[in-house]
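**Student:** Each chain, written out:
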Amino acid sequence: MTTLTETPPAAPAELPVRKPLLRRKLVPYWLLLPGIVWLLIFFALPMVYQASTSVQTGSLEKGFEVTWHFQTYWDAFQEYYPQFIRSLLYAGTATVLCLILGYPLAYLIAFKAGRWRNVVLILVIAPFFTSFLIRTLAWKTILADGGPVVHVLNTLHILDVTSWLGWTEGSRVLATPMAVVCGLTYNFLPFMILPLYTSLERIDGRLHEAAGDLYATPATTFRKVTFPLSMPGVVSGTLLTFIPASGDYVNAELLGSTDQKMVGNVIQSQFLRVLDYPTAAALSFILMAIVLAMVTVYIRRAGTEDLV
Amino acid sequence: MRWLRRNLITIAGLITLAYLILPNIVVMVFSFNKPKGRFNYAWQKGSLDAWKDPCGVADMCGSLSLSLQIAAWATLGATVLGTMIAFALVRYRFRARGAINSLIFLPMAMPEVVMAASLLTLFLNMGAKLGFWTILIAHIMFCLSFVVTAVKARVMSMDPRLEEAARDLYAGPVQTFVRVTLPIAAPGIAAGALLSFALSFDDFIITNFNAGSTVTFPMFVWGSAQRGTPVQINVIGTAMFIIAVLVVLAAQLLSNSRQKNSAKP
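Protein sequences appear in the order of chains Y and E. FYI, the working numbering numbers position 112 of the first sequence as 112, with every residue one higher than the one before it. FYI, the working numbering numbers position 108 of the second sequence as 108, with every residue one higher than the one before it.
By construction, these hints were calculated from the structure, which means they are not laboratory data. Note that beta-carbon positions come from the ideal geometry of N, C-alpha and C, so glycine has one too. Hints are supplied without guarantee of correctness; some may be wrong.
[To be verified] Output of the computed footprint for chain Y on chain E, the stretches with three or more beta carbons under 8 Å from beta carbons of chain Y:
1. 15-26
2. 47-56
3. 95-107
4. 115-128
5. 201-207
6. 215-227
7. 234-243
[To be verified] Between beta-carbon pairs, the in silico distance windows are:
8. F39/E to P148/Y: 56 to 64 Å
9. P183/E to N154/Y: 54 to 62 Å
10. T296/Y to F132/E: 34 to 42 Å
11. L272/Y to Q175/E: 35 to 43 Å
[Said to hold, decoys possible] Covered by chain E, according to a simulated footprint, are these stretches of chain Y (three or more residues, beta-carbon under 8 Å):
12. 46-54
13. 67-74
14. 121-129
15. 157-169
16. 204-214
17. 241-247
Modelling step: build the complete structure from the supplied sequences, incorporating the hints.
**Tutor:** Have a look at this one:
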């Protein structure tokens, strides 16, 4: 306690002011510099390069040249609009399914799991560490033609209905739209559950009691209290599912057939197999534009701007 | 009937949980399979062969160790850079803050295939040799935003009075940061790092575009889906799952006992 007599005379709160003002002002910029430069060079600059690639013409042998050939966009869209529509449809369906499936589980973890909460949370997160490709391949076994799932669906005549709707074909699930949507839903479900859980967990349990005291039925409580308060989780969950699902090509490739190709499959094969870089770049810009436009409209309508 | 109605949410939640875990169980069960052909999709015969010799497949363990190395370096890079950005964004007011927030948000709001393709055009234009370094660069880039978001959330919910108190008790800026700020931010940083590791280790789409002929573990699995899947892939998948559960459980127990200790007078 001898240090007490050696204390500096100035009030501690004023200590930072003593530093040269200029240096202190620069601190945030020094903190930002490395990371932001990284993002500018390896995220923003590539977008510029891709934009320039998309208006080039030429071939791999002769080389590509910027000719401001915007026609590529129109041609690419005309040729591949079925894949665009399919991507949005599949991603949208998977997102809705994730919300329907994910909400009860998030609710369960937040309010009902009690001392099991951490165990359930671990079970939601741990599958991440088994490569998602291995898990997606496992769906091939689960949905296999002679497998138990197909057998049960067949016995219950569910496959008749889904075939009539065009989701499956005959008595098979694999290589149909249903298999791809099933895989997409599965792959992105944790991205829905975790934000939902975070926002549900923040809700004060006393609000439920209060609603009950005011004679609200559990359904009314959910509709008027719980769900509105979980909106931030719903918004970020749907975005975290829809965006990656719309660009995914793994599920369509592994669980679908050539009839289920999504726009991601087209971009991948144009870039890596056909080596038609302008078309591939144009396609990925169209996808980006569609997704960003939809996300902007969605965020505006949902009314939560502070997502980040 | 009333029991069913009361427990509807629990039942629905457990069904979802089963949906999430089912493939892992299938992976685990099929790691004990002895398949007839090249593909391990149908059950044939129980066997421990794959577990006895997990690295018996050519190139698989090499790709696994490459993926672990890349994930480790990407985690380190993204965590350091991301934590710095997060602190700058939460603690300081400066111009271009909005623009920087958007720059952080955009990589997360972009389909992976778009980022993958644009990065490839950059590397092609620069004439860069695709391989370890291009993969690492890409992974740090897409993990960065997730670290910033995780650390930001933690630092924002931090009580600034704790740091004021430290300063009132004559702690210098460095001491305050190391003894007060950093420990409080640590769970956020750890969450960001863990997320980076998982994302990088598991990434396929961006790696597929920017790897050239380098084969990471997800790329090996992808290739094997066409050529024939060795049972050893299931062994690795199962082992990763078990290790992850054990690590998280251990961390849980550790923080629980620490909380109990600190609760004691």
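**Student:** Taking a Cβ-Cβ distance under 8 Å as contact, does the region 95-107 of chain E have three or more residues in contact with chain Y?
**Tutor:** Check passed, 7 qualifying residues.
**Student:** Checking C-beta pairs, does the region 15-26 of chain E have three or more residues closer than 8 Å to chain Y?
**Tutor:** With 10 residues close enough to chain Y, the hint holds.
**Student:** Quick check: the region 215-227 of chain E, covered by chain Y? Criterion 3+ residues, Cβ under 8 Å.
**Tutor:** holds (count 5)
**Student:** Within 35 to 43 Å: is that where the Cβ-Cβ distance between L272/Y and Q175/E falls?
**Tutor:** For Q175/E against L272/Y, whose Cβ atoms are near 53 Å apart, the range 35 to 43 Å is violated.
**Student:** Could you say whether the range 34 to 42 Å given as a hint is met by the Cβ separation of T296/Y and F132/E?
**Tutor:** holds (37 Å)
**Student:** Count the residues of the region 115-128 of chain E with a beta-carbon closer than 8 Å to any beta-carbon of chain Y: does the count reach three?
**Tutor:** Held - the region 115-128 of chain E has 9 residues with a Cβ nearer than 8 Å to chain Y, which meets the minimum of three.
**Student:** Just to make sure I understand the rule, a stretch counts as covered if three or more of its residues have a C-beta closer than 8 Å to a C-beta of the chain. Does the region 67-74 of chain Y meet that for chain E?
**Tutor:** With 0 residues in contact (Cβ-Cβ under 8 Å with chain E), the coverage given for the region 67-74 of chain Y is violated.
**Student:** Tell me if chain E covers the region 157-169 of chain Y under the three-residue, 8 Å CB rule, please?
**Tutor:** Violated - the region 157-169 of chain Y has 0 residues with a Cβ nearer than 8 Å to chain E, which falls short of three.
**Student:** 56 to 64 Å was suggested as the range; check whether the CB atoms of F39/E and P148/Y agree with it.
**Tutor:** At roughly 19 Å between Cβ atoms, P148/Y and F39/E fall outside 56 to 64 Å, so the hint is violated.
**Student:** Would you say the region 46-54 of chain Y counts as covered by chain E, given the rule of at least 3 residues with C-beta under 8 Å?
**Tutor:** It holds, with 5 qualifying residues against the three required.
**Student:** If you count the residues of the region 121-129 of chain Y with a beta-carbon closer than 8 Å to a beta-carbon of chain E, do you get 3 or more?
**Tutor:** holds (count 8)
**Student:** Confirm or reject the coverage of the region 47-56 of chain E by chain Y under the rule of 3 or more residues with a beta carbon closer than 8 Å to the chain's beta carbons.
**Tutor:** This one is violated; 0 residues, fewer than the three required, reach chain Y with a Cβ under 8 Å.
Hint violations for this structure: numbers 2, 8, 11, 13, 15 and 16, all remaining hints satisfied.
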